[in-house]
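So the sequence shown is residues -11 to 113, counted in the numbering used here.
Check the hints yourself; a few may be wrong.
What the hints assert, rightly or not - Taking lysine to aspartate or glutamate and the DMTMM-like style, the derived pairs with C-alpha atoms no more than 20 Å apart in a straight line are:
id: 1; residue 1: 55; residue 2: 21
id: 2; residue 1: 15; residue 2: 92
id: 3; residue 1: 32; residue 2: 21
id: 4; residue 1: 15; residue 2: 83
id: 5; residue 1: 31; residue 2: 21
id: 6; residue 1: 55; residue 2: 76
id: 7; residue 1: 82; residue 2: 92
id: 8; residue 1: 31; residue 2: 52
id: 9; residue 1: 73; residue 2: 21
id: 10; residue 1: 86; residue 2: 21
id: 11; residue 1: 82; residue 2: 17
id: 12; residue 1: 86; residue 2: 76
id: 13; residue 1: 15; residue 2: 76
id: 14; residue 1: 86; residue 2: 97
id: 15; residue 1: 75; residue 2: 52
id: 16; residue 1: 86; residue 2: 17
id: 17; residue 1: 15; residue 2: 52
id: 18; residue 1: 103; residue 2: 92
id: 19; residue 1: 32; residue 2: 17
id: 20; residue 1: 73; residue 2: 52
No wet-lab data here; the hints were simulated from the structure.
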Amino acid sequence: MKQPKLSSFVFSTIHSEVSKLGNYRIKVDIIADILNVVAVGAKKTRIMYQANLSHTLLTKYLTEIRKAYLIRFARGKGCYILTTKGKEFLVRYKEYSKRTRHIERQINDVLNKKKSLEELCSSGY
-11 MKQPKLSSFV
-1 FSTIHSEVSK
9 LGNYRIKVDI
19 IADILNVVAV
29 GAKKTRIMYQ
39 ANLSHTLLTK
49 YLTEIRKAYL
59 IRFARGKGCY
69 ILTTKGKEFL
79 VRYKEYSKRT
89 RHIERQINDV
99 LNKKKSLEEL
109 CSSGY
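Given only the sequences and the hints, what does the whole structure look like? Please build it.
This is the structure in structure tokens:
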């Protein structure tokens, strides 16, 4: 039985998505960056600079991740700290990130092999 062909559209879509992952941070990446800074206890300014966020974006994300109980503000220390749920997020994010990098390498390998095959078909050989 013949294997179904993957169209050029599918390859270009996959390549486009892989390219996006390499150049832009998605929401979970930004949250992980914030949580990694907060893991050692941090004030707003430190989080903003180390997570590379504008004040507006930082405020938006801090509100969101506080509502999700990933962090809390420790009044006695005057800084944000991770909750147990925040620590769990970072553990799961590390695994997600590792798997994503592995898949990106595999997709790039397939795309490079495809390009090599296309070059063999060109009139330059």
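Here's how the hints hold up against the structure:
For the suggested pair residue 55 and residue 21, the alpha carbons sit about 17 Å apart, so the restraint of at most 20 Å is met. Between residue 15 and residue 92 the alpha-carbon distance is near 18 Å, which keeps this suggested pair within the 20 Å criterion. For a cut-off of 20 Å, the pair hint linking residue 32 to residue 21 stands: about 13 Å separates their Cα positions. The straight-line distance between the Cα atoms of residue 15 and residue 83 is roughly 16 Å, inside the 20 Å bound, and the hint therefore holds.
Restraint check: the Cα-Cα separation between residue 31 and residue 21 comes to about 14 Å, which is no more than 20 Å; the hinted pair holds. For the hint pairing residue 55 with residue 76, the CA-to-CA distance comes to about 16 Å; that is within 20 Å, so the pair holds. The straight-line distance between the Cα atoms of residue 82 and residue 92 is roughly 15 Å, inside the 20 Å bound, and the hint therefore holds. Distance restraint check for residue 31 and residue 52: the Cα-Cα separation of roughly 16 Å lies within the 20 Å cut-off, and the hinted pair is therefore satisfied.
Between the alpha carbons of residue 73 and residue 21 the distance comes to roughly 15 Å, so the proposed pair stays at or under 20 Å and holds. Annotation: proposed proximity of residue 86 to residue 21 holds, straight-line Cα distance about 15 Å (limit 20 Å). For the proposed pair residue 82 and residue 17, the alpha carbon gap of about 10 Å is at most 20 Å, so the pair holds. For the suggested pair residue 86 and residue 76, the alpha carbons sit about 16 Å apart, so the restraint of at most 20 Å is met.
Between the alpha carbons of residue 15 and residue 76 the distance comes to roughly 17 Å, so the proposed pair stays at or under 20 Å and holds. A threshold of 20 Å between alpha carbons decides the hint, and for residue 86 with residue 97 the separation of about 17 Å falls inside it, so the pair holds. With a CA separation close to 16 Å, the supplied pair residue 75 and residue 52 stays within the 20 Å bound. At most 20 Å may separate the alpha-carbon atoms for a hinted pair to count; residue 86 and residue 17 meet this at roughly 12 Å.
The hinted pair formed by residue 15 and residue 52 meets the criterion: a straight-line CA distance of about 11 Å does not exceed 20 Å. Restraint check for residue 103 and residue 92: satisfied, since their Cα atoms lie roughly 16 Å apart, inside the 20 Å limit. Distance restraint check for residue 32 and residue 17: the Cα-Cα separation of roughly 18 Å lies within the 20 Å cut-off, and the hinted pair is therefore satisfied. Annotation: proposed proximity of residue 73 to residue 52 holds, straight-line Cα distance about 14 Å (limit 20 Å).
In this structure, every one of the numbered hints holds.
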